[in-house]
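Could you use the hints to bring the two separately framed chains together as a complex?
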Amino acid sequence: MQWLQSRVQRELADQIEASRARLYRLAFAWCHDTALADDLAQETLSRGLTRLEQLREPERLMSWLFAILNRCWLDHLRRRHVEVDDEVLAEMPSDLPGPEGYAERQETVSRVRTAIAALPLGQRQVVTLVDLEEFSYAEVADIMAIPIGTVMSRLCRAREALRGLLEPAAAEPRLRSVK
Amino acid sequence: MNDMRKNFSDENLNAFVDNQLGAQEREEILAAIAEDADLGRRLCTLRSTKELVRHAYGQVPAARPPRDRRFSLWSGALAAGVALVIGVLLGWQGHRASQAGPAGDAFAWVGNPFAAQPARVLIHLDSSRMERMEEALDMAEAYLAKAGKAKVELVVNNSGLDLLREEATPHAERIARLAARHEMLAFVACGNAIARYRSAGLDVTLVPEAKVAATAVEHIVDRVQQGWTYVKI
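Chains as they are written, first to last, in the working numbering: chain Y, 1 to 179; chain E, 1001 to 1233.
The following block holds chain E by itself, in its conformation from the complex (with noise of 0.2 angstroms):
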């Protein structure tokens, strides 16, 4: 270890191949460099570090894993397509809602449905992932418990569409259950999502309690003008 290299700290040497150096320090290294080749050595295994993890995450797998492969060519775009709907409505909404009542609460009703008074919730889920579906049915189910007189919609689309498939989901009793005690309670599945399911080569056989909207795009944006509390699963 020499003297050049006692001046300048590891700390030094990243910000310099970071760019993180002001004009000064990053010409102190650059002189220094010419003369201790032992600190270009150092600065040279930091840059090939760095290049080797751009260079391990310039291409990644794609966003499903394989068995949900049938899908992945439209969920994502899709899935995207949704949330910037509703986000785009969600937005202007809070933004006219600022406008109109007491400023800073613009997002309280879609936030905390529990503050709320009377509870009109509508709970989205848009995957197949089993945690999420049963985090869906345990919301439906706080929300019907909490508030008497709640309303509920579930709204399932893309690869949430299986809640409600025969073929697919694991909670029939469940929902049957739900549905025979709560009369507010609706399921609601997209005729978007359905037809996507079909020309995939899929059977879909809804359960009974299951209602069917055009897309569930357009009926979320419907129930957040009448005043719904949004929940995204």
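This is chain Y alone, in the form it adopts within the complex (with noise of 0.2 angstroms):
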């Protein structure tokens, strides 16, 4: 297979494989399930390379394949959760477990995840898309397939949530020292 020796296909694989992890740490911030997680990424990858040919503008590709993901875990959830529409799924209550299993040393890592854990599913993927990821508000609207408004509304929700949740580690001096 000489053809995938060319340049551009190497190209195209470092950015692939480069986004790989990307996707599967958003997926993971989602679904706190290394499996899953996985998953989720490999088939967000193998639509995204099946349909290549629909991705019109190359420089959009990150968000366009976070859209993909986004629409992979939907369907997951789908499965699980048979009618269940957008609004519903939007407020639906986190059932994942907390991050406890992973043995974490770092317990500040543990107890933000367990908060997030404990978002509705739509705040946890604007909040971490626009953390994690650096999207701007637009971009996180059409990956996600929702208004600006409700992005801003999720993502304030979300804070304040996070906020409530981690209280008394922010009123600790050496957690409010930013950069």
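Hint data in this document are derived by calculation from the structure and do not stem from the laboratory.
Every value quoted in this text rests on a predicted model; they were computed, and no experiment measured them.
Careful: at least some of the hints might be erroneous.
Okay, derived cross-link-like pairs now, EDC-like style, lysine to aspartate or glutamate, Cα gap no bigger than 20 angstroms in a straight line [claimed, not checked]:
| # | chain 1 | residue 1 | chain 2 | residue 2 |
| --- | --- | --- | --- | --- |
| 1 | E | 1050 | Y | 167 |
| 2 | E | 1151 | E | 1218 |
| 3 | E | 1050 | Y | 139 |
| 4 | E | 1146 | E | 1134 |
| 5 | E | 1050 | Y | 133 |
| 6 | E | 1050 | Y | 160 |
| 7 | E | 1211 | E | 1222 |
| 8 | E | 1211 | E | 1166 |
| 9 | E | 1151 | E | 1222 |
| 10 | E | 1211 | E | 1167 |
| 11 | E | 1149 | E | 1183 |
| 12 | E | 1149 | E | 1166 |
| 13 | E | 1050 | Y | 107 |
| 14 | E | 1050 | E | 1010 |
| 15 | E | 1050 | E | 1038 |
| 16 | E | 1050 | Y | 134 |
| 17 | E | 1151 | E | 1209 |
| 18 | E | 1211 | E | 1141 |
Label pairs and their calculated CB-CB ranges [claimed, not checked]:
| # | chain 1 | residue 1 | chain 2 | residue 2 | range |
| --- | --- | --- | --- | --- | --- |
| 19 | Y | 77 | E | 1142 | 21 to 27 angstroms |
| 20 | Y | 153 | E | 1208 | 57 to 63 angstroms |
| 21 | Y | 57 | E | 1130 | 35 to 41 angstroms |
| 22 | Y | 147 | E | 1208 | 54 to 60 angstroms |
Using N, Cα and C, we set each Cβ at its ideal position, and we do this for glycine too.
Here it is in structure tokens:
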């Protein structure tokens, strides 16, 4: 398969490899399940690669891929929760296990993940897309196919809830020092 | 709550922290912070929250749970490689098809095999997750039931090899039954995957129905070039 050796193919392979890690990390932040996150990332890459032709603007590769990840995630949820529409989904309380099982050494990491896991799914998706992937509100709206106003209100509620859940930590001076 | 504070909604302050405001709105908030300590504290809390979320996922656990650890070194990279090769090929094929055939249906043959006429379907399984294995067999059975003359190949690689390993498969009987009933059904194992299992110290005895291809990727590429429908489980 000599065509794989070309520079373009290698660049594409590099890009794909790089986005796998990002997709996996975000999927993990959504589901806190390594095997499921891996499957979601894999499914996203498969779908993405077989539909590469539908990507009209190559510079938007990442938000395009994350939109596919979002659909994979929704498909997964719908398989588990039949007849759940988007609005219900957004408000659906979390039934995820906390991250206790992952034997985190760092207490803060563990506490924040527990708080994230307690957020309704829609809020969790928005806050992680903004904070981890640094997408703009407009891009998040695009990725999740929701109005930008919904992105902002979910983000507000998510941060407010996180603040409440992490209050004792936030009160500690060392956690208030941000660069 | 003072007057200044009322001027800025939570949406506003979040947008400030996320760098989503225009220059003027940004300016207004920056000016207000100087005179409103409470506003400063709210922004600080929001920023802390944001930093905490980033910190919490700075490092995430590896992609495979511990029971699969022995494959974690190669399974991810290999899976991505396979996906890439297949994806590139499908993209290329699709491109060619869209030039040759009617516009707009370049991918029809990839997506909806039930719509295509004489079914020649390659089902690709690369996972040993129980539901995936079942899905692969269900799909093979569905195609065979739907189109009497369908040719179906179930190609496994990565941990999907477990479906055809006597040491691991929970479906040996079903595979034997399906193969006995359907002449046009073939089970194909990836030679690379077998070699990798063995080099990891695992026994690989394939079920009697299984054939071996040099590599799954090359086999899939060949089939797709011959016009087979490709379905990834």
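Q: May I ask which of the numbered hints given earlier this structure violates, with the numbers listed in increasing order?
A: 12
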